[in-house]
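Asker: With the hints as constraints, model all of the structure from the sequences given.
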Amino acid sequence: MESLKNLQKEIYRCIHCKACRFAYSGEPDRQGIGEYQGRLYEGTLTGCPSGKEYGWEAYWNAGKVWIARAILEGNLRFSDEMADMLFKCPTCGNCEAQCENKISTVDVIEALRAAYIESGAPALAKHAGIRDSVNDPTMWNPYKEKQSDRTAWCDGKRKNLKNADVAFFVGCTASYRQKGIAKATQEILDKLGVNYTVITDEACCGSPLIRTGQVPIAKKVIEKNMKLFKPFKQVLFCCAGCYRTFRVDYPKVTGSKLPFEVKHTMEFASDLITEGKLKISKPFNMKVTWHDPCHLGRHVGKQIEKDILAGSNNWLSDQRKADQAKQEWYEKPRRVLKAIPNLQFVEMYRIKEDAWCCGSGGGVKSQYPELAIETAKERITEAQATGAQAIVTSCPFCYLNLSDGVKQMGSNMQVLELLEVLNKVI
Amino acid sequence: MSKKQEYNKVTPQVVKRIAGVVGEKYVTTSKPILYSYVSKGIMGLESCVADCVVRPKSVEEVQGVLRIATEESIPVTPAAGGLSGGFACPTIEPGGILMDLGEMNKIIEVDTDARYLVVEPGVRSGEIWAYMKKKYPGWAPPVPDGAPPAATILGDAIERGFSLVTGRYGPQADTVMGMEVVLATGDIVRTGSWALPGAKPFYKWGIGPDIGGLFLGSQGTMGVITKCAIKIMPHLEHKTVVAYGMDNPYDMQDLTLEVSKYEMGIADHCVMVQGGNWPLVMTRWPKERVPNGYEAYEKMGISKWWMNFEVWAWTKEELDFTVKKIDEVAKSYEERTGHKTPQWKLHPKQIASRLLKPNKIAIPYALWDAGFLFITWYTPWKDCGEFSEIYCQKMEEYGFPPVMWVASIDHAREAICMPIVCYDATSKESIEKVTKLNRETTEIFLDKGWLNYRPDPFVHAPLTFAKAREYHSLLRKIKKLLDPKGILHPGRLGLP
Chain A
1 MESLKNLQKE IYRCIHCKAC RFAYSGEPDR QGIGEYQGRL YEGTLTGCPS
51 GKEYGWEAYW NAGKVWIARA ILEGNLRFSD EMADMLFKCP TCGNCEAQCE
101 NKISTVDVIE ALRAAYIESG APALAKHAGI RDSVNDPTMW NPYKEKQSDR
151 TAWCDGKRKN LKNADVAFFV GCTASYRQKG IAKATQEILD KLGVNYTVIT
201 DEACCGSPLI RTGQVPIAKK VIEKNMKLFK PFKQVLFCCA GCYRTFRVDY
251 PKVTGSKLPF EVKHTMEFAS DLITEGKLKI SKPFNMKVTW HDPCHLGRHV
301 GKQIEKDILA GSNNWLSDQR KADQAKQEWY EKPRRVLKAI PNLQFVEMYR
351 IKEDAWCCGS GGGVKSQYPE LAIETAKERI TEAQATGAQA IVTSCPFCYL
401 NLSDGVKQMG SNMQVLELLE VLNKVI
Chain B
1 MSKKQEYNKV TPQVVKRIAG VVGEKYVTTS KPILYSYVSK GIMGLESCVA
51 DCVVRPKSVE EVQGVLRIAT EESIPVTPAA GGLSGGFACP TIEPGGILMD
101 LGEMNKIIEV DTDARYLVVE PGVRSGEIWA YMKKKYPGWA PPVPDGAPPA
151 ATILGDAIER GFSLVTGRYG PQADTVMGME VVLATGDIVR TGSWALPGAK
201 PFYKWGIGPD IGGLFLGSQG TMGVITKCAI KIMPHLEHKT VVAYGMDNPY
251 DMQDLTLEVS KYEMGIADHC VMVQGGNWPL VMTRWPKERV PNGYEAYEKM
301 GISKWWMNFE VWAWTKEELD FTVKKIDEVA KSYEERTGHK TPQWKLHPKQ
351 IASRLLKPNK IAIPYALWDA GFLFITWYTP WKDCGEFSEI YCQKMEEYGF
401 PPVMWVASID HAREAICMPI VCYDATSKES IEKVTKLNRE TTEIFLDKGW
451 LNYRPDPFVH APLTFAKARE YHSLLRKIKK LLDPKGILHP GRLGLP
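So the protein lines, in turn, are chains A and B.
The numbering of the first sequence is my numbering, which starts it at 1 and goes up by one.
The numbering of the second sequence is my numbering, which starts it at 1 and goes up by one.
Honestly, I wouldn't trust all of these hints.
Pair by pair, the computed Cβ-Cβ distance ranges are [as the list claims (entries may be wrong)]:
| no. | chain 1 | residue 1 | chain 2 | residue 2 | range |
| --- | --- | --- | --- | --- | --- |
| 1 | A | F345 | B | K331 | 47 to 57 Å |
| 2 | B | E317 | A | K277 | 53 to 63 Å |
| 3 | B | E318 | A | E370 | 48 to 58 Å |
| 4 | B | Q343 | A | S79 | 52 to 62 Å |
| 5 | A | G387 | B | K331 | 50 to 60 Å |
These are calculated hints, taken from the structure and not from any lab test.
All C-beta atoms in this analysis are idealised placements derived from N, C-alpha and C, irrespective of residue type, glycine included.
Answerer: What follows is the structure, given as structure tokens:
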């Protein structure tokens, strides 16, 4: 309950205005891409996958904030019937992006989940499986795979190098399930001449545990990873979730700033392009659109804003600075795509801070696959409306869930991982 | 003294009956869901948890639920968008059924000759704005200005609210051309010309003495409005905003009145005329994270008080002419009174942001502390300066920042005055102060003949009706006729 109590002042700021239900809640005049399959992509649109799917107020963000208030006031106790309301949400953070009262809605939902588990309620079945697997020292991952196999995909000469400045944090999904992303990242770093290493003892970053309210176990892996990666100047990532967790959650959990710089490999490449140190000459002949992963886009964007405002005594003047910094962040993957010859880039309607979620975050993909797929289908339809041949993204979960959605829809849309595309053209 | 009405609780049998009407998926007694609908803020602090929530999808389902509620003597609170007070109709004791009308969200008709649209209760401002812009770009729906896109156009209209054209067209209730209302008995009535089967909603005063006014501002106590025909207005291409600064609310009042008397011309182009004082800028931010005194805002070029005139015109020439005339009036006012009313040179971005509709400008006032209330009043325009002065003084006496927003209704015939009370919702003491402030100012203002916009059931309604006993007595008789068992939002307007 402690984390929920710490958010009391923010929770009480909710006036139930419901702007959090929408994407572009402050841009009713926004020019869109017109009508596609009977849906108008103009102005303000629905932005909450959970609320859209289930309808009751408890499934929209504001309803959850008022549930939190009722719990803090002692009017409501955690109960089994609450599980669906708290966990059927991909914690995409669209609600937080819309909130004019700056309520950290993702933190509130995660704090509610943590308090729910603390109250003695059992973790949801799939989430308990993830917890037990991560908590097992022979595994340290949610997939029940052996720790000894974690870096089996990796070229041996890159493992555990003492003299490397940079560590590549691979993450569980790229290590065990989507090894192509890990390999592509390794090849990118090799081509760019980065002095990096892969740590074979790496453990789950803790993201699936924090998202599902199982914080004590998350703290164990966070402590372990902090010890392993402390010696490095920089840690690079290929997983949006791991990156978000290191950048946003680790400082909160440890109570101190990270002792190393963190960058997603997309960001690393984008910065090199901006500095003129990376020029891409190989063409990629395809019309593509970009799906902003919530963990890589909005969650980091909001953290950038929070960091700037935390150091400001005049938000009235510094909000603009924070907004500009956020916009710059959202441009980074777009800059990479636009630097690739022959690649035709088109935007979907709901993008950047207002992007529609793929549906797989917050423990939804494992526990509520039907919600995950329905959400993915909406994103794929939006991508189809642009005439793109492929959705490019850079998150193993978005990649997986959008790919599953494409299969279920029987769509011709391809789903591509940005790092794999980048590896092909540099 | 009338006998106190008695109500029954929602039992499992009642839920089963309601499920038979709307389907099991659309009725719930789940405690967390019930709590998720609670709201305390924006327009009132008092609300309670309903016994059950039902989401009807059609007029027939609304009829069915109301018939059951009447038979069983169970209170019903209808709500749709959930704005202007969390819910325009927050559930209050004795609880009962919260009827969430959000599922009924169809845009039924747009008639650009008779110039109205017909919508169901759940159609939100953001949706109708985007729809009209795409399908009927020459026509503007009168969406509420300042309320976020989640507000419903029907809710704003029937609550006699405020829209982007209120300065020109009057209170939002004036844009209502007809309503379809389901009474507590399940009977359906239509108002205006709509009362004649087959007639369009082209004439709001109907086929005889019109009963429409009984439902406007009734806060769900007289019937459930399931369709509404609302005027649409030409959406003109040429728009701008000009603003003038003042040192006090009386100059704001008097200059605005001078401009607004130019009806059938200048003032008709001023669709939205709204202003306020400098704390409106300050209290949009956390109090410890923004300069707290006027000095910093003065340096930014912000006057102590100001008034914006949003001008729409068919041509550039017409726009320029109107803006020039407003400026002439302001200069003439300065010369005659010796009071400074300089034009505030707005940056194009400031103009663009003021023209954005619907917008979120009224939302962030919870950042100052942890909660805010709009305790909104109607006054004759000529009284809005005095209202502002008294309320600002009272807010400061109670330890709240003196935040005031004022807008013209119908060429400044009336004023809508909205003090924004930024309080701390986590503090019992702060909440008590809000209640005391509200009671004290209500007593003062009723003596002056001013009216609360949406009377709350605990302070405004009882104090107002205590002064207007005959009117209230008649309302009670009418309520009895329309709602024999008094199930519709009992207590909200002092009506059982």
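Asker: Work down the list of hints and note, for each, if the structure agrees.
Answerer: Status of each hint after checking the structure:
In this structure, F345(A) and K331(B) meet the distance hint of 47 to 57 Å, their C-beta atoms being roughly 53 Å apart. Take E317(B) and K277(A): their Cβ atoms lie about 55 Å apart, and the range 53 to 63 Å holds. Range check, E318(B) to E370(A): Cβ separation about 56 Å, and the 48 to 58 Å hint holds. Judged by the Cβ atoms, the range 52 to 62 Å given for Q343(B) and S79(A) holds: they are separated by roughly 60 Å.
Look at G387(A) against K331(B): about 55 Å separates their beta carbons, and that is inside 50 to 60 Å.
When the structure is compared with the earlier hints, no violation turns up for any of them.
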